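Student: One letter stands for each residue in the lines below.
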Amino acid sequence: MSLITTLARLEAVSSGRARPVATVRHRHLSERPLVFVPLTTAGEAGAPLGALVGTDRHAPRLLVVPQPRDRDLRFAFLAELADIVLPYVDAYTDTVEAAERTETDPETGKRVKVVVDLCADAPQLIVPSRAGVDFVRLLGRSMRFRRTAEQDPDTPHPAPPRVPLLGRWLTHFGERARMPGSSLLLAVTDLLARHWATGQSSVEDQHLGSLLAWIDPPGDEPGDVAAHRAELARDADGQLLCPPAGPATDPAFDNKLLAPAIEAYDRARSALAAAEDGLEADDRFGALTAAEQRVRDLVESRTRPTWDAVWHGLDLLRALPEGAHVPDRWTRDRWSFTAHRDRITAGEPPQPRVDDAVTAANKLAAREREQARLDAQEALDDPLVMAGRRLAGEAFAGEVTDVVMAYSEGRRPSPRPLVTVRTEDLPHLGERAKVYRSLGGKPQAAEFVGHAGRDGIGTGDPDGDGNVLVVLRVLDKMGRGKEPEPGSVPEKGDRVCFTLFEHDQRGGAKLPDPEETPWTHGGPPGDPEAVPLPDPLTEEDVL
Amino acid sequence: MTTALDPHAEGGVPGVFDPGAAAGRATEAILRDTLHGTHRGVVVDSPPGAGKSTLVVRAALELAAAGRPLMIVAQTNAQVDDLVLRLAEKDADLPVGRLHSSDSDPYDKALDGLPNVRKSTKAADLAGLDIVVSTAAKWAHVKGVEPWRHAIVDEAYQMRSDALLAVAGLFERALFVGDPGQLDPFSIVGSEQWAGLSYDPSASAVTTLLAHNPELPQHRLPVSWRLPASAAPLVSDAFYPYTPFRSGTGHGDRRLAFTVPSDGSGPDRVIDEAAEAGWGLLELPARHTPRTDPEAVRAVAQVVRRLLDRGGAAVSERSEEPVPLTAGRIAVGTAHRDQAASVRTALAGLGVTDVVVDTANRLQGREYDVTVVLHPLSGRPDATAFHLETGRLCVLASRHRHACIVVCREGVSQLLDDHPSTEPVQLGVTVKFPDGWEANHAVLARLSEHRVAWRP
Amino acid sequence: MPPPRTRETAPALRHRLAELRGPDVPAKALDARALAALAANPGCRRRALLDGAGVNKTELASALGSPSAFGQSQFAFMRGDAFEARVKADGGTELLRLVHERLDPSAEPPSGAHVPDLAAAGPEGRTARTELALREATESGGWTLLDHPMLALDVAGSPAFLEPDAVVVHPDGTWTVVEIKSFPMLDGAADPAKVGAAARQSAVYVLALEDAAARVDPVPQVRHRVLLVCPKDFTNLPTAAAVDVRKQRAVTRRQLTRLTRIEEIADALPEGTCFAPDLPQERLTAAVELLPATYAPECLAACELAFHCRARSRAAAEVTSVGRSARAELGGLTTVGDVLAAAHGTAGDPADPAVAALRRAARLRAEALASAGYGARDEVLVDGEVPAGAESQDMAGASAGGAPCH
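Chains as they are written, first to last, in the working numbering: chain F, 1 to 543; chain V, 1 to 456; chain H, 1 to 406.
By construction, these hints were calculated from the structure, which means they are not laboratory data.
Since this is a predicted model, take the numbers as computed values, not measurements.
Here a beta-carbon is modelled for each residue, glycine too, at the ideal position from N, C-alpha and C.
Mixed in with the good hints there might be a few duds.
[To be verified] Computed footprint of chain H on chain F; a stretch qualifies when at least three of its residues, placed anywhere within it, have a C-beta under 8 Å from a C-beta of chain H: (1) 6–20; (2) 36–48; (3) 200–212; (4) 241–254; (5) 387–398.
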């Protein structure tokens, strides 16, 4: 935890209210996000119990698996989910704009600009917490290798038609969520914790109810009191007043309420199966419906508070102005979405179980690049983030006290003015370190020359007031002429902020194609076009 | 060359360990596998100061002499320039290419003075030269060239698997050389997703290489010529338990003496202890402090000041005469950059400006007569994975030829004992040994035998 | 380092610990999970003593008014049991196949393993029976599966009885600990936090098994790679992975030697101190308070007493209540009040780098908030004072919904 965040947390402790750690919103929020609040069954991998899902905060769709260990009921749930998620996703695939992309021409090997479709907007999936993101990934993994009867008439347990496709989309959302700064799939707890510091730990911030209580407690109640209640208070029945945001449920709920309801459902189903005539069946069907309704009510009672909390969190976030670089990152999300749309349209196989060596290396490189980009953009967009970088010695701000014109050596001297900045910050400036400032949205580079002092070469702080004089040589963005273009060189009295980190990221070297994976990395992987086999479906699937 | 008694020595005079002979045998075997072996790769583990650079230069020259042009991959520009200078020093007529980036100041200006070293940003300009040297990052941009038949990959343990992936297509076979005990490569984003995969892009290049090619010959250089007899056993046991090495010199071969007697202060007493024993621990009273603990920083600076003031001279196998202990032969190592900055400021306050002060990362591969180390855990209220990283302590404790003085607050042993051990475990990931927690305990236990308690 | 041997002082200590538990309160047996948890916060003297004395922390937490929130869903419980039964079904054929495949592929493949009956009266009896079975199996030269053996480990002078899921004796006479868990291995990977916990638990078994091995001549080797068996992907079919537990073993071994500290901690308590759960809450609170705790939020996942300790830590405004790492740059400042006072210039020595850094942080933060229109001075908050207008500034435009669940 950086010192500036620690300070914000301790201020929150002291004031009983969360304190801001961002002054702008650093993530894109769609006007029409799809909120997904899933619950899972304890002890089973990928056995959903139910979910609330939808784009209308007042009318979520409730999906329930009354017996989570029943494969058919699970498939029914997933089919219903597909019927909600896929139309939502599809709505964004058709509206496109023309965009330029640089590609390598396969004939000439040259980098050329091509015009391609870019989806004008992209879907956005919102889940309550980080565990929800993992669950989206898990659902995606559990579905994308399934086969429908159409794909494989011999498959013993065919999946409903659109389920494998949903698996591929959820996998894409889950994978994209690992990209720093991306917004296709977001957890509200992460979003809130990015913008506010509470008086509790980041572990406790994973509890959505408790986190919200610190940020926006009801009435005049202190945040810590409200958070404590949200976290621990139980009713006379031993049930949490604020159910966990899932997907895991509270054991007390499982044992006391859910298990009896599922048993009742099982009994009603067996009874119906054993019915001997239509009349009896009608009766027993009624009993089964009632038993199912009981499970549905229970699931709704545990998801609805979370659903409301998610929207409450979104309200709080929407109140913050959007950071200047957020649209730029959302455009990257749109590229990602468009690319996946194209892969599906082209009939490519689902994402493999594990990445091959080249794909893994490419993903890691892309994420490192995006992390650096995100760190830089957040600092440039938000003075509070920049304050943290300044405290860490990675940036400095101050007033220009002197500008001396100078020129580069060589046949065509270019302007290389020396700018002296007076700052209270303590940047870690090494010999000839490069620094950057934002000039009209573009980075202007300068080079650290030295600290100015009374004798001209002192080591800082000539006046003993905690200020140091940093001398920089401006290197670029001054035009082509001998004299710098107007406004391109800071002037005496200007407030400037220079960073030691670069503002933009260069792309790395291109890696070999997977079929050219070198011997050091095991050589080319197997046939990349081969469709991964579906997971075996065995009788042992369920107990 | 000195000999020392060794019950386990193989060959030579029975019962006598001849480090020169042992190192020579290892080098011969490595060169044999490199020049005449059938495997596509040869891996060499080199502990601190075991002559890794010498080996790389020699292997390169022999390959070139055999009419087999090669490329050399190093990790930093400084390493590349250093290698080019060493190659030119050994054979000034050898045509060497220095492939460099198009940034400003892409290489050491000293290379401009070497007539047979050609520099270019394009690999094509350097085609046909016996040896072409560059960084892994620059090599990764080289496309569409005829692969080299040979390569040497230097500092291969500090190279990431994905960096090797980017360059491995450029060569047919390679000699991989590195120190497994130093700092591991790292990634600024999570890479748990690939943990356990043989080609985890964030793992070290050697890990991936051996996972896919377990049959490759693996050698190690068995003798550290840098570390004195007082240090090699501890560093070997604590950091290289499965690839032990020896000191090339015996007890008594190296001596550090001072003409100015001790003034009885903590710094002087710890200097005398370290001069005698090779290790010294200057222990300040227990206290939780921020990283730039002013007392500890001052203590480090004072030790350096006294090292310079007391007219030190180092006796070693390198020369007949004692060599004065000058500022250039002393370094200060810290864990963090701000600590290094504070020590520099404190040293400047004492009039010392020419002693190297740097973090473990930047001290990798460097060598001094005496090092003064601010212990990574000194004064900390908690230990973190960063501070416990085995490689960090290993680098700091293995830069010296004569003595290492550690400045630390009391209480680190307790801190280690109280350290919560709840690390996640990834399936399929080979457990790295030794563990930082254990290595820290081992080093601390040894240091405590040479402790000088001091209340500044 | 050898395991602790403090048997000579044990009777006196045992008596003292019984007094601390309270009259007629039986000692809660330490299981492997509890022993492994020693490594979760080894600096906590409160936990060390209460665990060492066999105090039931769940009951104590309830008696203190801060009940622990650990519970297990019956769904998970049933699934775990059913999975273990499945793994061991059929004379352990599948289990032994996995041990052979993952740990000892060069050995002869197991066929018709020996599964000795380990039933005996009482933990001591079961331990003796297990040791006998281990000896016989080692001499037999074949595969033997010990289903739920009982092992004893000396913990600060008293034996703790431990029951691993299984121990396998290989044909070469080496021993392997088997741990069966019901979380899945998905595409060869499993939740690292859960694998870590399993590794720490297994390390305790390895230590206990090493103790047992030391009593056999010649001493058999206990393998430091344990077999972790889990359901494969989304099925109920078992799959397995070898887990190297040397590091966990080293840590646990060292923490066990340090458990001898409990004598010293106990001696520091005043006469009459007692943790019996039927005592009045104030007395219990006072008694627990005598034991210094090192609460950190990670305790919430590892200790039954965590909610109590958190409440005390928050009441004392310890900075670690917001996270262990919060202290890293604060030097000697340990309370919220001290830190804020130092940050806002009302206390602290500016020459102390921690104070200086805090002031710079506070200045930079205030400056940034002011520049974004938050009102810099309002940010200076001391002693719980809420600045006027904070509401509107922080929450501008937000719905007045308030937190949920009230």
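Student: Of the hints stated earlier, which fail here?
Tutor: Result: no hint breaks.
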